[in-house]
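Generate the whole structure from the sequences, applying the supplied hints.
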Amino acid sequence: MISYVHFPVLAVMGIFLGAFLEEIFGVHNKAARQGILVATTGIAFLLICALVKPVMFDGEVISYWMGDHVPVSGYAIGIGYEIDQLGLFFALLVVTTSLLSSIFSLRYMERDGMLGRFYVLFLMLCGAVLGLTLTGDIFNLFIMIEIMTFAAVALTAFRGERGFALEAAFKYLVLGSMGSSFTLAGIALLYLQCHTLNMAQLASMLHGNMTPVSVFAFGLMLTGLSVKAFIVPFHTPAADAYAAAPTCISMMFSGMVNKAGVYGVIRLVYVIFRAIDLPAMQVLLAIFGAVTMFIGVTMALAQHDFKRLLAFHSISQIGYVITAAALGTTLGLSGALFHAMNHTLFKGLLFLCAGSVLYSVGTTDLDRLGGLSKKMPQTTICFLIGAFSISGLPPFNGFASKWMVYQAIYAKAVESGNFLYALITVVAVVVSVMTLASFIKVTQAVFFGQCPVSCAGAKEVPLSMRIPMWVMSALCVITGVFYNQVEAWFLRPAVSAAFNVTHYIDVMMGEGTAAAFGISNVKAAAASFSYWDPILWLLLFVVVMAATGIVIITGARERGRILTPEGAEEDGKYATFFSGEKSLPSHVSGSDLFWGFKHDWKSYFRVMQGAHSGIINDYALWVVVGGAIITLWLTVFVR
Amino acid sequence: MNFPFIREAISNVFSKPSTRNFPAENVEAKPNYRGRITYDAEKCVNCGNCVKVCAPSAITRKYEDVEGGQRITYTFDLTSCTFCGTCQDFCDEGAIVLSPDYHMVAERASDLVVSGTRFAAKKGKLVNSDACVFCTLCAKVCPQEAITVDRKEKLWSVDYDKCVQCGKCIAKCPKKSLSFEEA
Amino acid sequence: MFKKMIAKSTAKSPWIYHINTGSCNGCDIELVAVLTPRYDAERFGFKLAGTPRHADIVVVSGPITSQSKERLLRTLEQVPEPKCVVTIGSCPQSGNVFKGSYSVEAPLEQYVHVDVAIAGCTPKPEAVIEGLYKAAEILGKKREAMNQ
Amino acid sequence: MGITILRLLFYVLIFPGCLFVTAIGLLLAGIDRKVLARMQRRVGPPIVQPVYDFFKLLGKETIIPHAANKTAFLAAPVVGFVSLVVLMLFIPVFSFSAFSGRADLIVVLYLLTIPGVALIVGGSASGSPYAGIGISREMVTMMAYELPLILVLLSVAKMAGGSALCFSLSDIVAWQEAHHSMIAHWQLIPAAVAMLLVIPAEVGTQPFDVAEAETEICEGPLIEYSGAPLAMFKLNTALKMFVMTALFVALFIGGIDTGIVALNALILVLLCIVLTVLCMTLIHAVTARLKIEHLFQFYWTFVTTLATVSLVLVWLGL
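Protein chains in written order, with the working numbering: chain A, 1140 to 1778; chain B, 649 to 831; chain C, 4 to 151; chain D, 113 to 430.
Derived from the structure by calculation, the hints contain no laboratory data. Careful: at least some of the hints might be erroneous.
Per the computed footprint, the stretches of chain A lying under chain D, defined by three or more beta-carbons under 8 Å from a beta-carbon of chain D, are [unchecked claim]: (1) 1202-1210; (2) 1233-1247; (3) 1553-1565; (4) 1679-1685; (5) 1714-1720.
For clarity, every value in this text was computed on a predicted model and none was experimentally measured. Cβ coordinates follow ideal geometry from the N, Cα and C atoms, glycine included.
This is how it looks when you write it as C-alpha cells:
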C-alpha cells in the first residue's frame, strides 16, 4: 500500500503518462484511445479524492520533495509539491471537470478526425492545471502555466477548418505568451532577490520584507496570472477561445484553466506576498473584480452566439470571485472559493448543454435555434438548472455563493466605512440580475418558442453525454441545498489554509521556520453568516406545494379540463394565437431580445463594441496598460 | 414628470360616481331615437314604398291567397335593419314608426323580427273614367310605377301585373276619375 | 366542492374579447363606451381581455368580410369553453347594407352558433350592456351544464 | 413535538401562510379595482371581483398550445404561487412572524425574483412570439427596478446596523421598535419614496405593466394561458401586491407593534390597503402606460437617484 503522500505526484504523472500512451496507442485505435483517456482522468480523480480525508478533514498539509531533495540549511533546492487545503480544493475542481469532460468528449468528438492528437493535448491540459494547483515550486508553477497555455492554444485551434478558430488561437497565443512572460519576468526578479524558487520559502522571506524589486516582481506576476484568469483588461482572448474550442474544451477552460489563474492570484496575494491585508491591495483587486463582472455581463447581453455568451459570463463570474477574494476576510474568501467551485459546476454544465445543442443541431447561433425543449427535454432541464444556478435563484448553488459574496462585500463596507464597497455590492446585485436576463434570453432563444426548420431534426444527445450533465446538475442542487456542509467540509479548511501562512511555511521548510522569520498568522475572524436555510426553505416550499397540489387534485373534477394537443398539427384550437393569422413558425430569437434596455445603453454599447475591436494589437495594448496600472498601483501603495 | 389629474383622482373618490344605475333603473332613449320598428298592419295600404327604399332590404312582403282576398305580411328584420328611418318617412299612412325602444337583444335572431299581417279583400281592376284630364298625378304617386300617362296623346294605361291595389291614385285623383272595378 | 361557486363566478366575471370583422367602427366605439364611467360595465365584472385564450364572451362586429372570416373562425376556435358568441349590430347577423357584396360573407350564424344578438345600427350602450349581461347569464348556465 | 408541527402547519397553511395571503391578496386586488373605479368616477366592480375572476378561471378549460412545453407551461404558475407564499412566511408581521428569524434581505430580494422568473419561463414555454416580446419587457422591468431596490435595502440595512452587517429582517424590525420607524428618520424618506415606486413595477400595474400590455402585445407572457394556470398567475399578481406592501411595512413602518398578533395583523392589512391605494391605484389612475425604454430610464435615473440620496445620507451618518 503506497502512502497517500505519493498520490498527488502520481495523479499528475499519471495524466502526463496517459498523454504519451495516447500518442503511442491511441492515434489509430479508438478503444485504446478512449480507454486511456477515461482511465487516466478517472485514476487522477480517485487519487485526488483519496486525499480529501487526510487533507481536508484531518487538516494535514502534505509536502513532497521530488527525489527526496529536502531543503539543505534552510534553502530549498529540489522541486517540492505542497498540497494544502487551498490547493486541494482547486485540484478537486480540476479532476472533477477533467473526468466529466473526458466522458462527455467520447461521443461529442466522434465526428472529428485526429482524435489521438486531440486527446494528447487534452490530457496535457488536465495534467498541467492539476500540477499547477498542487505544486509548491514557483518555477514549476510557471512551467505548468506554459504547458497549460500551449495545450489550450492548440486545442482552441483544433477545429481549424473554421477560420475563426485559428484567429482565436492566435489571439490566445499572443496574449497568453504575454501573460507567461510577465510571470516569468516576475519569477526571475524574485529569484534574483531571494535565491529560491520554493513558494513556502519565498513566503517566509518576502513577508514584511518587501523591497521595490519584489513589489515590482509582484506586480508582474499578478498581471501574468490575471491574464490567465481573464480579468477584464486581459479578458479579450477568452471570448474567442471559448467560442472556438470544442465544447468539452470550453468547459475545461471555464472550469479549470481560468480557475488556475484565480488560484494563482489567491496564492500570490494571500500566501506568497501576504499583501491582502493592505487596504490598497484590497481596493485594487475589488475594483478590477467589479469592472470584470460588469463588463463581462454587459458584453454577454450583447452576444448572439451561445458559447460566446457563456464565455463572457465566465469572465463576469470570475469577477465575483476576484472581488470576494479581494476583501481579505474569511467570509469573503469563503464566498470566493464557493463561487469559484459553483462556477466550475454550473458553467461546465452550461457549456455541456451548449455542446449538446451544437452536437444535435450543428449551430450555436441564437438566431437560428429555437423550440428545442420538445426535442431535447433532458438537456433543457439541465440547462434550466444551470441557468438558475448562475443567475443565483434560490435554492441553487449560485445563490448560496453569491449571497455569501454580497454579505462579505457589504460587511466589509460597513466595517471599513468605505463607500466604494457599498457601490460594489450594488454592482454585484445588478450584475446578477443582468446574468438572469441574458440566460432568459438563451432560454427563450434556444429551448422554448417555436422550432425553426433548421432544428427540426434535432434529437436528444446520447447517454454518455447526458451523464456528465446530470452529474453536474445534481452537484449544482446538492451544493446549493447543503451549502453548510460544503462550507464546513471544504471551504473552511481551504480558507483557513489561505490565512495560515506559518503552517504552510513550516510544513515545507521545517518546523519553526516561520517563527524564525518573525511571521505570525493574521487573525482571521470566524465567518459570520446571516440566515439562509435552504433546507427549511425547501421544506416550506414542499409543504405549500403539497397543499396547493391537494387543492388542485381535489378540485380536479370541478375545474376545467386540461386539453393537450393530440396528433394532427392542424387543429386550430391548439394553434398559437397570431391575432387570427394562420400559425406559422415565428420565433422571437435571442440576438435582440432586450432592445429596450440596449436602447437606453446604446452609447455604452457603442464604446464597448469599439473597444472590443478584435485587433490583436489593441488587445496587447490593453494587457500592457493593465499591467502598468497594477504595477504602478502596487509600487505606489504597497510597502 | 407631472401628474395633471392627481387632484381630480383624489376628489373623485369622495364624490358621487357618474355611472347610471342602468339595468336596475331603465333609461329612456331620447324622443327621436330610432329604435325598434313598430308596424301597424291596419294602416298599411300595401304600397310597397318601404320595401323599395330599404337599403339593406330588411323589409319583405309576402302574399298569401285566402278566400275572398289576400293575407299580406310585412316582415321587418331588425338584425338587418340600419335604422335609417327612410321607411318611416316614405310611409304616408304612418303605418311604420321607429320607436325609441332600443332593447333589441335576443338569443335567437327570429326574436328580432317585427311583422304584421293584414287581410285585404279582393278588389277589382283599377279603371279610369272619362273625367280624366291626364294630369299625371296618379302616375306620380304610384309606388309601383304601374300607371303610365301620356299627356300629348291623351292616353292612360295601367300595368295590372305591377298594380298592388294600394288605392293611392284613387285618393290623389282630383277629378275622382279612378276607381276599382266592381268584382 | 366549488361547483356552485364556479358556476356563479362564471356568470359574474365575463371577460370580453372583441373582434372587428370589417365593421364601420360604430359598434366598436359603443362597445368601448360601455366601459366608460357613464355606463361602467365593470360593475358586472366585464373586462376587455387581450387574447382569445382569456375570453369568455367573444363580441363580433362587422359584416364578416372574406378576408376576416378565416381569421375570425380561427380565433373563435381558440377560445376555451365555456364561451359565448355575441354579435353586436346588424352586420354580423345579416350583412346589413353590405349584404350581397362579393366580399361579405355575412350571417355569422352559418359558421358558429351565436348566443346573443344585439340589434341596432349601432346599438345604444345600454343595449350592449343588456346583451352582454344576458350572455354572462348564458355563460353561467353553460358552466352548470358542464358539471353534469 | 406534535404541537410544534401543528403550529408550524398552522403558520404555513393558515395564518401568515396560504390562506391569509390568498385572502388578503385578493382583497387588496379587489380594493385596488374598486378604488381605481371610484377615482375615475365609476362605480366599479364589487370588492370580491378578483375572487369571482379566480373561480371563473378555475372553471375554464386549459388549452395547451402545440408550440408549448407542457411541463414548464403548467408548473410555472404553481412555482410562482408557492414561492410567494413562502416569501410571506419570512416577512415579519411586526414582532411576530413564523420564520422571520431566518429572513434575510438578500434572500427576500432573490425570492422576489422567482415569481417574475416563473412568469417569464411560463411565457417563454408557451411558444408565442407575443410572449417572447412580453418576457423581454418583463426582464427589462426587472433589471430596471432591481437597482433602486437593492439601494433601498442597503440603506435600510446600514441604518439599522450601524457599523455592523444587519441583513436580518427581524433585526431591522426590532431596531425600529427600539428607535422609531424607519420612515420617521428623515434620511430614509427618499428611500421610502423609491420603494413605493418600485412596488408597482414589481407587481406590474399600470403604468409599469409594459410586459402585459394587453392592447399592444395581447397580455405578453400570459397570452396562451387559459383556465386554472391563468387563475394562478392572476392570483400571483394579487399576492405580489400584498407581499410587496407587507415588505414595505416591515422595512419602513415596523415600529408600531401592539403586542397582540391579531391586532398586528389587522394593522398590517390596513397599512397594506393604504399603501396599495397610494402607490398602485393612484398612479394607475393618473398615468398612461410607459414605453419600455422610458420605464428603464425612469428607474435608473429618478428612482435610483432618490435611493442613492438616502444611501449617501445614511452613510454619512446624518
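Cross-check of the supplied hints:
no.	hint	in the structure
1	1202-1210	violated (count 0)
2	1233-1247	violated (count 0)
3	1553-1565	holds (count 7)
4	1679-1685	holds (count 5)
5	1714-1720	holds (count 5)
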